[in-house]
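Peer 1: Chains as they are written, first to last, in this note's numbering: chain A, 1 to 314; chain B, 315 to 881; chain C, 882 to 1012.
There could be a bad hint or two in this list.
Claimed, not checked - Cross-link-like lysine-lysine pairs, in silico, BS3-like; alpha carbons within 27 Å at most:
no.	chain 1	residue 1	chain 2	residue 2
1	A	Lys36	A	Lys231
2	A	Lys11	C	Lys962
3	A	Lys231	B	Lys839
4	C	Lys885	C	Lys985
5	C	Lys986	B	Lys805
6	B	Lys778	C	Lys885
7	C	Lys1007	B	Lys771
8	A	Lys30	C	Lys964
9	B	Lys507	B	Lys829
10	B	Lys778	C	Lys1007
11	A	Lys75	C	Lys962
12	B	Lys792	A	Lys231
13	C	Lys958	A	Lys11
14	B	Lys792	C	Lys1008
15	C	Lys885	A	Lys30
16	A	Lys68	A	Lys256
17	B	Lys771	C	Lys885
18	A	Lys75	B	Lys876
19	A	Lys67	B	Lys507
20	C	Lys885	A	Lys284
21	A	Lys256	A	Lys242
22	C	Lys964	B	Lys805
23	B	Lys745	B	Lys591
24	B	Lys507	B	Lys426
25	B	Lys792	A	Lys67
26	C	Lys964	B	Lys809
To be verified - Away from chain A, derived, C-beta distances all over 10 Å, residues of chain B:
no.	residue
27	Lys352
28	His398
29	Val406
30	Tyr427
31	Thr800
32	Glu808
33	Gly810
34	Lys839
35	Ala840
No wet-lab data here; the hints were simulated from the structure. The C-beta atom is built at its ideal place from N, Cα and C for all residues, glycine as well.
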Amino acid sequence: MTNNFVNGVLKGDPLSIARVITMIENNHEKAIPIIKTLHRHTGKAHIIGITGVMGSGKSSLIYELAKKYREKNKKIGIIAIDPTSPFSGGALLGDRIRMMNLADDENVFIRSMGTRGMLGGLTSAVYDTINILDAAGKDIIMVETVGVGQAEVDIVKIADTTLVVLVPGLGDSIQTIKAGIMEIGDIFVVNKADRPGVEQTIAELKTMLDLTRIVTERETPIITTIARERKGIDELINEIEKHKKYLKKNNMFEEKRRKRYETELVEIIKRKLTSLIFDETNLKEKIQSLTDQILKKEIDPHTAAEEILTRVIK
Amino acid sequence: MGGVKPGMTMFDGKMLDNIKKQKSYWEENCYSEAVKKKPERKDSFETLSGISVKPVYTPLDVGDINYEQDISFPGMYPFLRGIHATMYRSRVWTMRQFAGFGTAEETNKRYKYLLEHGETGLSVAFDYPTLYGYDTDHPMARGEFGKCGVAVSSLKDMEILFDGIPLDKITTSMTINGPAAIIWAMYIANAEKQGIPKDRIGGTIQNDILKEYIAQKSFIFPPEPSLRLIIDTFEYGFKHVPRWNTISISGYHIREAGSTAVQELAFTLADGLEYVKAAMQRGLKIDDFAYRLSFFFNAHNDFFEEIAKYRAARRIWAREMKKLGAKKNRSLWMRFHTQTAGCTLTAQQPEINIVRVAIQALAAVLGGTQSLHTNSMDEALALPSEKAVRIALRTQQIIAEETGVTNTIDPLGGSYYVEWLTEKMEEETYKYFDQIEKLGGVIPAIEKGFFQREIAKSAYRYQKEVDEQKRIIVGVNKYQLDEPITIPILKVDEKGEQHQINRLKKLRIERNQTKVKKALDRLRKAAMGDKNLMPYILECVHAYATLGETCDVLRDVFGEYKEPILY
Amino acid sequence: MEKKIRVLVAKPGLDGHDRGAKVVARALRDAGMEVIYSGLHQTAEQIVRTAIQEDVDVIGLSLLSGAHMTLFLDVIKLLKKHKMNNVIVVGGGIIPEEDVPRLKKEGVAEIFGPGTPTDEIVDFIKKNVKQ
Chain A
1 MTNNFVNGVL KGDPLSIARV ITMIENNHEK AIPIIKTLHR HTGKAHIIGI TGVMGSGKSS
61 LIYELAKKYR EKNKKIGIIA IDPTSPFSGG ALLGDRIRMM NLADDENVFI RSMGTRGMLG
121 GLTSAVYDTI NILDAAGKDI IMVETVGVGQ AEVDIVKIAD TTLVVLVPGL GDSIQTIKAG
181 IMEIGDIFVV NKADRPGVEQ TIAELKTMLD LTRIVTERET PIITTIARER KGIDELINEI
241 EKHKKYLKKN NMFEEKRRKR YETELVEIIK RKLTSLIFDE TNLKEKIQSL TDQILKKEID
301 PHTAAEEILT RVIK
Chain B
315 MGGVKPGMTM FDGKMLDNIK KQKSYWEENC YSEAVKKKPE RKDSFETLSG ISVKPVYTPL
375 DVGDINYEQD ISFPGMYPFL RGIHATMYRS RVWTMRQFAG FGTAEETNKR YKYLLEHGET
435 GLSVAFDYPT LYGYDTDHPM ARGEFGKCGV AVSSLKDMEI LFDGIPLDKI TTSMTINGPA
495 AIIWAMYIAN AEKQGIPKDR IGGTIQNDIL KEYIAQKSFI FPPEPSLRLI IDTFEYGFKH
555 VPRWNTISIS GYHIREAGST AVQELAFTLA DGLEYVKAAM QRGLKIDDFA YRLSFFFNAH
615 NDFFEEIAKY RAARRIWARE MKKLGAKKNR SLWMRFHTQT AGCTLTAQQP EINIVRVAIQ
675 ALAAVLGGTQ SLHTNSMDEA LALPSEKAVR IALRTQQIIA EETGVTNTID PLGGSYYVEW
735 LTEKMEEETY KYFDQIEKLG GVIPAIEKGF FQREIAKSAY RYQKEVDEQK RIIVGVNKYQ
795 LDEPITIPIL KVDEKGEQHQ INRLKKLRIE RNQTKVKKAL DRLRKAAMGD KNLMPYILEC
855 VHAYATLGET CDVLRDVFGE YKEPILY
Chain C
882 MEKKIRVLVA KPGLDGHDRG AKVVARALRD AGMEVIYSGL HQTAEQIVRT AIQEDVDVIG
942 LSLLSGAHMT LFLDVIKLLK KHKMNNVIVV GGGIIPEEDV PRLKKEGVAE IFGPGTPTDE
1002 IVDFIKKNVK Q
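With the hints as extra help, turn the sequences into a complete structure.
Peer 2: Below you can see the structure in the form of structure tokens.
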């Protein structure tokens, strides 16, 4: 079975790609050997992270980018991430709506993912999903995250090029996203640029970027687009390509990849450790009884934790 | 409510003081005692919109209403009691049953049937391809031919649809929005071919694109060019087709999509004001076109709330139009059509829908509607059969002829509850107006998904209440029967589609191609500029350019609308 | 870890009535499922391609225009063509009783007419998706 799936993914068969992603999302043990084999087939794709506030038109922008890349005969993978409800564990994955017309093109593969348990951060399955799409021969992989939170900061660890999308007139949108976000953008996009307040938004952005810029020779570009009218898309693609060249020229591409694999490795260790500990049977009861003891001051939380850990790691 | 208004209120202060005393006595000695013995059925009583309802209403609840200013007389500002001085004492409402299916031939037969049975106006339902401006043989039209209405792809179909029906004797309402200007042009052209001049035909085109973006989703072009086309019809209408209502601003679909009564009222009026402002911006004078604006509301289950809704609608509209500078009385009138709520019909025990429809229709009549469609009992199952449509029409005739509710105008005026609720609806509507304004107006609010989200929330809450038995639907979550449904159902003749496609193909071959091409080219050029497009559209229609061809030209110039992503 | 049920809620054809589809989408989310909503005006090809890429367990088709005999069956045919035999297809909307046997014979698992409590749909999906 492993071989079938590996071959399927390598051939770019949508069904195989889709199934392997599902296995990964569900922590299916059979997925691991597949992912292991796929690793050496990865590394060719250009990974673009796209983030920004709700209503900034990210999905439309991705749709237009994808169409333009298709004209250049590039194969596209898109991962759209939406938050999972912490209460029900369910999610409404709606970003696809904007891209439904791409569904007619077999060289575009779109996958919607819920954040599931990762408290707003990127689900670790995203790393593997990128690898799967990469191995499947996608030239461009776009990863879209919604809202402002941990996921946005995480995206920089995955993407080669990160786009931060803003819109004019969202009032203090820049204020809300400045925390941690200004640093991660390789390219800033002011979408819906036909709305009033564009100049002001660009001016604010520039000030903010000047304040946060780490000293480099590269100035962070700000591109204005009107995705709905397909305006500014060529310029944006141009900037993305320029950024890729810049990375390559300065040996930063390799550096970025290194960082990503490092994060990925740490994530896997963390996940394995967590499951090692929490999959332990009777752990729940043990935690309950230890909590009772802590309450009665018979034991302190640190000692209790050490007790559990020594039980598991032997 | 809203503090004491200047001028005379309905009850003087001393009288209210006495009533207040009596009310406290009642509350302490009668009501609370009674509740102890017989607890109330629910913890709280609410209208369908979620407005909390008291056990009893008194003059205290309407104490600050000024009769002369706020209620007044029928036919007098602010028209709360009705737009005409005599209302149904002179003439009852127009009984107008929405109908259309299959080919133009089949629907023409149904119209003649309805007219024979006492219907007084026609109302055309178009099928989906027509609503989206596609000809019957377009790939997206697959499976949809004639299902939800009649297919009209060219003037030829329009000619057949009204064959043998005197267009100067009846009025026709057409539920069409995206391609409204084109379909209207076909109707005008057909009348002209029958020898009836434009100024003698009467009727309505729905032509309300804003509610399409909000609720019904049959849109073609983006907001700006859509509004342009609509204003073009306004202008052409009062100049050349003065008996025609060039828009029917519709709350019906907003309600069917799941809104509350308050949302229906607020969003519809906001849409209406948006059209007026857009027309004025174009330079039209408000008193030139305002009298041709009409409205379309839903009649849902909460009897009194619906009546209050219609009354509040009239008052708000009159006040807002006055603010916008309307001088003529007719410009202040809110004339409206009502349809009973399709979404309240149940597939279970379909016969009981007759009762629902009767009660909803009664609310519309007590609310002073100008025309009425009563739904057929089988509509939750399929297209209505002839018998079901006849019973629905008979329901209106019973209300008009047997019940006596038409003997006096606005018979519920002065009811403490109804007047209070009317004020409450108005208050809630203005709250929504404020929110819409904060979002930058109706179109920005649409683009931000404000209306769509509000409606989806209400729809979900309603369904949850039904699922949790907090809201009872007879036959669905209470008093269920386990019996097979035995209502005869109308099926569209599948051969009709081929027949229609053949006719279309033949037309495309036989017409004068040079004329068609020239007309379409001229339309394209005009669309790129800012001239009124109606004459150009009429030229295309007369040349037998099809609906799809004409819309394609406009799609090319204007682009197509895409929905914002929402839940 | 329990497998998450993934559902595609889709609106084929030109029908714009999305009240039911949206209500059901929310209800399924609240029942812990991942719901992909297609938006309006989808062709059968778009729906099936989406179902493949998203690897959904269930496709919920909603249609009130009466075109279900054409459009539902188009989706079923395409699913068969792509060997997507394990996807459960359910339908909702205005579907006359007499059409139901044919739809079921062709492979629609269940039809939920007007008035169906959302819990019933949730239960059906939970029961029928292989864990």
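Peer 1: Identify every previously stated hint that the structure contradicts and give their numbers, smallest first.
Peer 2: 1, 12, 19, 22, 25 and 26
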